[in-house]
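Protein sequence lines, in the order shown, are assigned to chains A and B.
Note that the first sequence covers residues 1 to 278 in my numbering.
Note that the second sequence covers residues 279 to 420 in my numbering.
Just so you know, these hints were derived from the structure itself, not from any lab.
Check each hint, because a few of them may be wrong.
Said to hold, decoys possible - Once the Cα atoms are required to be at most 16 Å apart in a straight line, the calculated EDC-like pairs of lysine to aspartate or glutamate come out as: (1) A:K115 x B:D338; (2) A:K115 x B:D308; (3) A:K115 x B:E359; (4) A:K115 x B:D309.
If you want the building blocks of each chain, they are given just below.
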Amino acid sequence: MAAVTAAPPGWLFDPVPYRRIVMLRRVAYLFVPVDMLLTTPWVWSHAHEPGELYRPLLIDRVLHLPTPGAWVTVLGVTLIVASLAAAAGRLPRVLGVAVAALYLEWMVVAFSYGKVDHDRVGFLVLLAVLPTVPRRDDEAAGWAVRMTTLAVVATYFLSAVAKLRFGGLDWVDGATLTRAVIRRGTGLSKHLLDHGWVLHAFQYVLVTVELLVSPLLLVRWRDPRRTWLLVGGFYLFHLMTFLAISIVFLPHCVALLALLPLERMSVQRLAQREPVPA
Amino acid sequence: MLTQTGRRVRTAVTAGVAGLLLAGTFFGQDDAFPFGPFRMYATRDAPNGSVVSTRVEAVDASGRVITVPDSATGMRRAEIEGQVSSFRHQADRLGALSRAHSRLRPNEPAYILVRVVERRYALRDGRPAGTGVEQVVAQWQR
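Full structure from sequences and hints, please.
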């Protein structure tokens, strides 16, 4: 450990302007109620599920979390109030920790009925690291951004590893995307079923991007246009996925914002509104 | 500037999270959320195998046959699929969907019959051949 800490800051602690955290706080905490009310409103209905449909996750069992019931509504309302207050910039440490913990529990309630979604880790990490930068500290901000970047890249890279683990080396020559389009296809993508080779080829593209292109997001490019190009490319990929099989990795897309120089947006307005202690 | 301790703690947290994500990816299952494997679309479908699409049907007290939307029971299709093997073995558990519906939509006629229907599409060279064959895999009746 001493060897690590004695080393120069390096990639993990490379400073990032604190203003990026200020911007991320707003976007992330405002996204929480959007996610709860608009994109995944079904979580609320788990308050009404009979107990026998509950399939507790490891974390439920280890922490002895209660079976969802009427309290889920209280949890949801508390989380919305806390995230709106946090978005307003109040008590960044206390409210940030509260939002991170309550949102994790909200997700545990969401995924304890037989299906776990895989688009949350980047956003959960972002929520967890935001309260570690309650005041101006560009190094702490740098670490928060790097952690989120690692989680975002892990979501891509490790999903390719999971394909190899569960689907085998010949996953790329299977018909997984055909299944996806048969089950969730849109008017746009159903035509592709007549041209199976397109879906087949896209499986190669997918694994290549996940394994070889996503790690490039970890690089701090001298030319910031490369970051924009890479991040833009991944947003385009998520847009295409949405148009083809109506799945949108929205929380992940919010976490992806951490890689962009948000601090350059409306800096003047921020400077007027958010005096940062020296 | 971060203190030595601040940097040390953060380095340890980074290593811990990375270790848990790697362990989940190689050895874990969905159960290990949030450190489970990122297994969206990770299973392989054989190009000459078959694809299953699942839906829930119900008959309500007025005799209507309904394709049950996720919002009517609060259970998503993927959640039904995640529990389908237990519904096969204990069809009585489908009664819980009827109770969930009555709690969520008390003004609608109650479901007196609930069934899980699978439509199986045969694939030939990675393309669907035909319109699929349907089968009721579990049924509960009040």
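We went through each hint and held it up to the structure:
1. At roughly 27 Å between alpha-carbon atoms, A:K115 and B:D338 are farther apart than 16 Å, so this suggested pair is violated.
2. Taken as a hint, the A:K115 and B:D308 pair is honoured in the structure, with Cα atoms around 8 Å apart against an allowance of 16 Å.
3. Annotation: proposed proximity of A:K115 to B:E359 holds, straight-line Cα distance about 8 Å (limit 16 Å).
4. Under the criterion of a C-alpha separation no larger than 16 Å, the hint pairing A:K115 with B:D309 is consistent with the structure, at around 9 Å.
In summary, the one numbered hint that this structure violates is 1.
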